[in-house]
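Visitor: Below are the chains, spelled out letter by letter.
2 protein chains.
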Amino acid sequence: MIQALLFDVFGTVVDWRSGISKDFELISKKYGLKKNSKQFADDWRAEYQPSMEKVRSGKREFVKLDILHDENLKNISNNYGLDILSNEDWDWLVKSWHRLPGWKDSSKGLLRLKSKFIVASQSNGNIELILNMSKNSKLYWDMILGSEVVGYYKPQPEAYLVACEKVGLNPNECMMVAAHNSDLSSARRVGLKTAFVLRSHEHGVNQKSDLKPSESWDYVANDFFDLADKLGCEKEVTLNGI
Amino acid sequence: MIQALLFDVFGTVVDWRSGISKDFELISKKYGLKKNSKQFADDWRAEYQPSMEKVRSGKREFVKLDILHDENLKNISNNYGLDILSNEDWDWLVKSWHRLPGWKDSSKGLLRLKSKFIVASQSNGNIELILNMSKNSKLYWDMILGSEVVGYYKPQPEAYLVACEKVGLNPNECMMVAAHNSDLSSARRVGLKTAFVLRSHEHGVNQKSDLKPSESWDYVANDFFDLADKLGCEKEVTLNGI
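Protein sequences, first through last, are from chains A and B. The letter at position 212 of the first sequence is residue 212 when you use the working numbering, and the numbering goes up by one with no holes. For the working numbering, count along the second sequence from 1 and bump the result up by 242.
Isolated chain A (complex conformation) (with noise of 0.2 Å):
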């Protein structure tokens, strides 16, 4: 019966936590900078729901999340002292979430549950951003779908929706996989299955929020490969005979 899984990335499939903390204290370091650099990711990532939501309710034409992080590093960088950062260093920091590492389980998950089924990333990141960070990390998914080809920020329910039609399936055929809840609640609104993955650092080791199941999800799992177990995949990836 199911047919795609369509999976959101920030949290899910990559640390961004770890991943922005690792490049603001690189900077931190060429230019001086006292600052911590875990609360600066989180800082950074508080204005990310904000951000969209002046283009969910219509305020705002769709933009890329590109311009949205860059619009959001000018909202904290005062903060931060980063006003001093060159033109090439700001450039370089605002992509540091096309630089994302993927949670250990993430590569061989994928490929794992990709030998049964159709994978694609449906995240509120830009193509390009989803691109790059799966170039770096080995995410190798059948079809970069989000919101830049649906047009529309989850969790509105065409985001959903949309995703389903571009790949041709009823949304009773595709599962979201997601490390949070209130994800999952709005894709199972719309018909699609769901499952859920713990990822209980996301947040850090102190993180509250997301570390069970709110609902009867489809699927319960711990991680990637424990999802593929579960979905009937086969143990081992390989070139599938090529």
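There could be a bad hint or two in this list.
[What the hints assert, rightly or not] Derived DSS-like pairs: lysine-lysine, alpha-carbon spacing no greater than 25 Å straight-line:
1. Lys-306/B with Lys-380/B
2. Lys-358/B with Lys-135/A
3. Lys-95/A with Lys-358/B
4. Lys-377/B with Lys-116/A
5. Lys-316/B with Lys-280/B
[To be verified] Cβ-to-Cβ under 7 Å is the rule here; a few derived chain B residues that face chain A:
6. Lys-346
7. Ser-349
8. Glu-370
9. Leu-373
10. Lys-380
11. Ile-386
12. Val-404
13. Lys-454
14. Pro-455
15. Asn-482
16. Ile-484
[Stated by the list, open to error] Listed next, with one range per pair, are the computed distances between beta-carbon atoms:
17. Asp-70/A with Glu-476/B: 32 to 40 Å
18. Asn-448/B with Gly-151/A: 43 to 51 Å
19. Ile-318/B with Pro-50/A: 50 to 58 Å
20. Gly-241/A with Glu-267/B: 21 to 29 Å
21. Asp-468/B with Asn-79/A: 50 to 58 Å
22. Asn-79/A with Lys-358/B: 34 to 42 Å
23. Pro-455/B with Trp-92/A: 33 to 41 Å
24. Asp-471/B with Ser-216/A: 50 to 58 Å
25. Asn-78/A with Glu-476/B: 14 to 22 Å
26. Ser-357/B with Asn-222/A: 29 to 37 Å
27. Val-63/A with Lys-277/B: 51 to 59 Å
28. Trp-92/A with Lys-280/B: 49 to 57 Å
29. Tyr-290/B with Ser-209/A: 50 to 58 Å
Hint data in this document are derived by calculation from the structure and do not stem from the laboratory. Source: prediction; values computed, not measured. Virtual Cβ for every residue (Gly too), placed ideally from N, Cα, C.
We have chain A; now place chain B onto it with these hints.
Guide: Positioned in the frame of chain A, the structure of chain B alone reads:
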């Protein structure tokens, strides 16, 4: 300098004439039809450019290729006695384009090229079509671009330029790979690099067109292996350490 390879698909990566003929033969057997299957493939394909031209010229809103394939099949269906097909068989035949086989070097050749470059399809096929074909025929793209993502049909200049923009690169950082001189000519006109790959049997053993480069393309190759060699890619494909 070159960071992404954008591929024409029908004829360059997959052998549409053999695939369509084969499926028509299965239908012919079931319904006792007696027509030439290669001629059928050629006739259906002959409707392709005129049907897109209505969209390119602005006479018609953008529609995806699956819809044009359905309409084009209706145009020739009388000549081939296809009016007796059940709805299910008709739809199966329309989707023959979703099941086209790759040339013998396509799967492995793309993987070799992928180890060094972003490889993306830039076809007039819609997402679902290219996605299903790629799953069937083991074509592992980094990204499926194409008409439905960029909103234009080749050879409109925007078809090439928007594709480059989506992957965040300048036109001269992208190379169009095609077996058709006309496609490369249009890509070059807007600044892309060009690679001609010889597919001398796309139109059968008596093919007259595209048997040699019509301009001094940046690369000329006999197949994807030859192109991978000329671009300095690894000889063997691996799972890249996963």
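Visitor: Indicate, hint by hint, whether the structure satisfies it.
Guide: A quick look at each hint next to the structure:
For the hint linking Lys-306/B to Lys-380/B, the alpha-carbon distance of about 23 Å falls within 25 Å, and the restraint holds. Restraint check for Lys-358/B and Lys-135/A: satisfied, since their Cα atoms lie roughly 10 Å apart, inside the 25 Å limit. For a cut-off of 25 Å, the pair hint linking Lys-95/A to Lys-358/B stands: about 21 Å separates their Cα positions. Of the pairs offered as hints, the one joining Lys-377/B and Lys-116/A holds, with about 10 Å between alpha carbons and a cut-off of 25 Å not exceeded.
Proposed proximity of Lys-316/B and Lys-280/B is supported: the alpha carbons are some 18 Å apart, at most 25 Å. Evaluation of the Lys-346/B hint against chain A yields a violated restraint, the C-beta minimum of about 11 Å exceeding 7 Å. Hint on Ser-349/B holds. Least Cβ distance to chain A is approximately 5 Å, under the 7 Å limit. Interface hint status for Glu-370/B: upheld, as the beta-carbon distance to the closest one in chain A is roughly 3 Å, under 7 Å.
With 7 Å as the threshold, the beta carbon of Leu-373/B comes within range of chain A, its nearest partner Cβ sitting at about 5 Å, so the hint holds. Checking Lys-380/B against chain A: minimum C-beta separation of about 6 Å stays under 7 Å; hint holds. Interface restraint check: Ile-386/B against chain A, minimum CB-CB distance 5 Å, threshold 7 Å, status holds. Taken as an interface hint, Val-404/B does not check out: its beta carbon lies about 11 Å from the nearest beta carbon of chain A, beyond 7 Å.
At its closest, the beta carbon of Lys-454/B sits 30 Å from a beta carbon of chain A; the interface hint therefore is violated under the 7 Å criterion. About 28 Å separates the beta-carbon of Pro-455/B from the nearest beta-carbon of chain A, more than 7 Å, and the hint is not met. With a least beta-carbon distance of about 6 Å to chain A, the hint placing Asn-482/B at the interface is held under the 7 Å criterion. With a least beta-carbon distance of about 5 Å to chain A, the hint placing Ile-484/B at the interface is held under the 7 Å criterion.
At roughly 36 Å, the beta carbons of Asp-70/A and Glu-476/B sit within the given window of 32 to 40 Å. At about 45 Å, the beta-carbon gap between Asn-448/B and Gly-151/A stays in the expected band of 43 to 51 Å. A beta carbon spacing of about 55 Å between Ile-318/B and Pro-50/A agrees with the range 50 to 58 Å that was offered as a hint. For the pair Gly-241/A and Glu-267/B, the supplied restraint of 21 to 29 Å holds, since their beta-carbon distance comes to about 25 Å.
Restraint check, Asp-468/B to Asn-79/A: a C-beta distance of roughly 55 Å satisfies the suggested window 50 to 58 Å. Here the CB-CB span from Asn-79/A to Lys-358/B is close to 41 Å, well matched to the stated 34 to 42 Å. The supplied range of 33 to 41 Å is met by Pro-455/B and Trp-92/A, whose beta-carbon atoms lie about 39 Å from each other. For Asp-471/B and Ser-216/A, the hinted distance range of 50 to 58 Å is satisfied, since their beta carbons lie about 54 Å from each other.
Judged by the Cβ atoms, the range 14 to 22 Å given for Asn-78/A and Glu-476/B is violated: they are separated by roughly 47 Å. Separated by about 32 Å at the C-beta atoms, Ser-357/B and Asn-222/A satisfy the suggested range of 29 to 37 Å. Val-63/A and Lys-277/B have their C-beta atoms about 52 Å apart, which keeps the hinted 51 to 59 Å range intact. Distance hint check: the CB atoms of Trp-92/A and Lys-280/B are about 55 Å apart, consistent with the given range 49 to 57 Å.
In this structure, Tyr-290/B and Ser-209/A meet the distance hint of 50 to 58 Å, their C-beta atoms being roughly 51 Å apart.
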